[in-house]
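Student: Construct the entire structure; sequences and hints are all you get.
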Amino acid sequence: MKIATWNVNSIRTRQDHVLTWLKSQDIDVLCLQETKVVDESFPRSPFEELGYHLYISGQKAYNGVAIFSRQPLEWVNGGFTPILEPDQVGEFDAQKRAIAGVIDNICIVNLYIPNGSCVGSEKYEYKLEWLALLRDYLDKMLAQFPDLCVCGDFNIAPEDRDIHDPKKRETHIMSSDAEREALRAIADLGLADAFRQFTQDGGHYSWWDYRAGSFPRNRGWRIDHHYLSASLYKRAIACTIDREPRTRPKPSDHAPVILEIE
DNA sequence: ATGGCGACAGGATGTCGA
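Sequence positions in the first sequence follow this note's numbering and run 22 to 283.
Source of the hints: derived by calculation from the structure; they are not laboratory data.
It is possible that part of the hints are untrue.
[Said to hold, decoys possible] Beta-carbon label-pair distances, calculated as ranges: (1) Pro167 <-> Glu70: 31 to 37 Å; (2) Pro187 <-> Val97: 36 to 42 Å; (3) Gln46 <-> Trp96: 22 to 28 Å; (4) Ala82 <-> Pro237: 26 to 32 Å.
[Claimed, not checked] Think about it this way: if two alpha-carbon atoms lie no more than 25 Å apart in a straight line, the pair counts; the simulated DSS-like pairs of lysine-lysine are: (5) Lys271 <-> Lys44; (6) Lys188 <-> Lys144; (7) Lys44 <-> Lys23; (8) Lys271 <-> Lys81.
In this text, a Cβ means the ideal position worked out from N, Cα and C, and glycines have one as well.
Tutor: What follows is the structure, given as structure tokens:
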């Protein structure tokens, strides 16, 4: 089974990119982030005609997540509630950043983790609070679903080898100590980065800034991940970044990442 | 050292992204 994750930066703008890519691949489950559209306006039919079942949680202009699956999902839930109590979640489900579903006893959690803007900003504090809530949510999910795949746009580069230039990384969003520690606390629940099971060297990125020719110079960041519970980690046979869609005209700034499990 | 690009809402330009 192949489970892919892709921040498409608007599904309406990237509809043809995603269709072309799905036709060229053999993807069972595709997790999308930054769909940027309310559910009523999501372009469902072209993907349904390809044979996918769609599960979407969107909002106007910002954020938004979706799961496309060849097989129907057996259990679907958007946001942190009701896994976490409404009192604990508060307003954190207002931004549509999480959707989960189960297929073949594998629970797939699709995340669009907040960007955080600048280290020390209000949005940065929101990101850290969101990550703390995510930890509690995943703790409960792991108890319920031992075969857990947590994937999406994490907006965190876990290590210096995941950044083209780690200088000043401590003061840069996506690589500060507090962000990495929050991600480590999540991994410590029993989740591991699938990509690093297969590839040790640097230079592999999933996001490149639109500006300053970042992509042709390969000045990127690896911020899109699959974190797997122990049982699934053992079943992983490949995890690769497909740079091809990023080379096309008017691309998303992210490339898709594909996990294969047996 | 700095700025650079792109999508969205709405109808110019500000906000957000990473």
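Student: Failing hints, ascending?
Tutor: none
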